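Taken in order, the first sequence gives residues 1 to 189; the numbers are from this note's numbering.
In case anyone wonders, no lab produced these hints; they're calculated from the structure.
Worth double-checking, as some hints may not be accurate.
[To be verified] No more than 20 Å apart at the CA atoms, straight line, and that leaves these computed lysine to any residue pairs for SDA-like:
| # | residue 1 | residue 2 |
| --- | --- | --- |
| 1 | Lys-112 | Phe-183 |
| 2 | Lys-32 | Leu-141 |
| 3 | Lys-32 | Lys-112 |
| 4 | Lys-105 | Arg-93 |
| 5 | Lys-32 | Leu-178 |
| 6 | Lys-105 | Lys-32 |
This structure is a prediction, so every number in the text was calculated from the model and none was measured.
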Amino acid sequence: MDLVVFDLETTGLSPTGNEIIQIAAVRLRLGKVFHSESYSTFVNPRRPIPAFITSYTGISDAHVRGAPPICSALAEFSRFVGDCTILAHNGHRFDMPFIRAACAKNCIPTRKVQYADSIYLSRLIWRESRWHGLDAVLERLGISTVGIRRHDARGDVELLSEAVLRMWRRITPDCTALPVPLFTGTFPR
DNA sequence: GCTAGGCAGGAACCCCTCCTCCCCT
1 MDLVVFDLET TGLSPTGNEI IQIAAVRLRL GKVFHSESYS TFVNPRRPIP AFITSYTGIS
61 DAHVRGAPPI CSALAEFSRF VGDCTILAHN GHRFDMPFIR AACAKNCIPT RKVQYADSIY
121 LSRLIWRESR WHGLDAVLER LGISTVGIRR HDARGDVELL SEAVLRMWRR ITPDCTALPV
181 PLFTGTFPR
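Generate coordinates for the entire structure from the input sequences, incorporating the hints supplied.
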């Protein structure tokens with residue numbers, strides 16, 4: 001099955017009060033990461049990026065100054081996704097609510113997509129653990145972050161796609177159906 | 001190491017509500 005793994009960087013944690021500033025995604029097919037089929041963009045939030053977010057993500061006002069606004073960024077992201085199932089880490093509680101709120105705030109026409117959350121893969125494999133954040137998952141899988149910029153969506157999506165494949169193979173080695181719940185979410189048309 | 005919001009899951013309890021923790025930036 002085709003799966004688009006994605007990650008967002010934002011100006012904070014609140015979908016209603018904060019803005020998306022970066023989107024990155026990569027396609028997974030037949031148990032492989034297709035690095036040639038990737039997508040990333042900065043997004044102009046039309047407001048200054050808080051200093052804490054710049055120090056956390058490395059994304060500054062200069063990075064987003066010439067970037068597309070959220071409407072065109074989401075439209076392009078939607079074309080990249082097509083009718084694939086999408087997946088993000090903690091996407092059920094963070095990324096998908098952010099996309100839904102961005103569509104609502106900007107009157108962007110929407111459609112429904114199927115999405116999964118890799119946190120459920122981690123919970124399935126390490127049932128006894130309380131820790132299922134991306135750092136904990138990467139550490140348990142022995143995936144090195146050396147040379148990869150954490151908290152930049154392009155770096156995080158690269159790490160996450162590798163982590164998803166490894167977890168998926170542990171449960172269903174042929175990577176056919178995803179062994180975690182599929183949700184239906186609001187997505188730009 | 002601090003901040004923000006909202007959801008999920010567990011506890012206590014009998015059906016919801018409350019509470020706490022994790023997780024994302």
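Taking the hints in turn, this is what the structure says about them:
About 10 Å separates the Cα atoms of Lys-112 and Phe-183, which keeps this hinted pair within 20 Å; it holds. A threshold of 20 Å between alpha carbons decides the hint, and for Lys-32 with Leu-141 the separation of about 17 Å falls inside it, so the pair holds. Proposed proximity of Lys-32 and Lys-112 is contradicted: the alpha carbons are some 26 Å apart, above 20 Å. Restraint check: the Cα-Cα separation between Lys-105 and Arg-93 comes to about 18 Å, which is no more than 20 Å; the hinted pair holds.
The straight-line distance between the Cα atoms of Lys-32 and Leu-178 is roughly 14 Å, inside the 20 Å bound, and the hint therefore holds. A C-alpha spacing of about 36 Å is found between Lys-105 and Lys-32, which places the hinted pair above 20 Å, so the restraint is violated.
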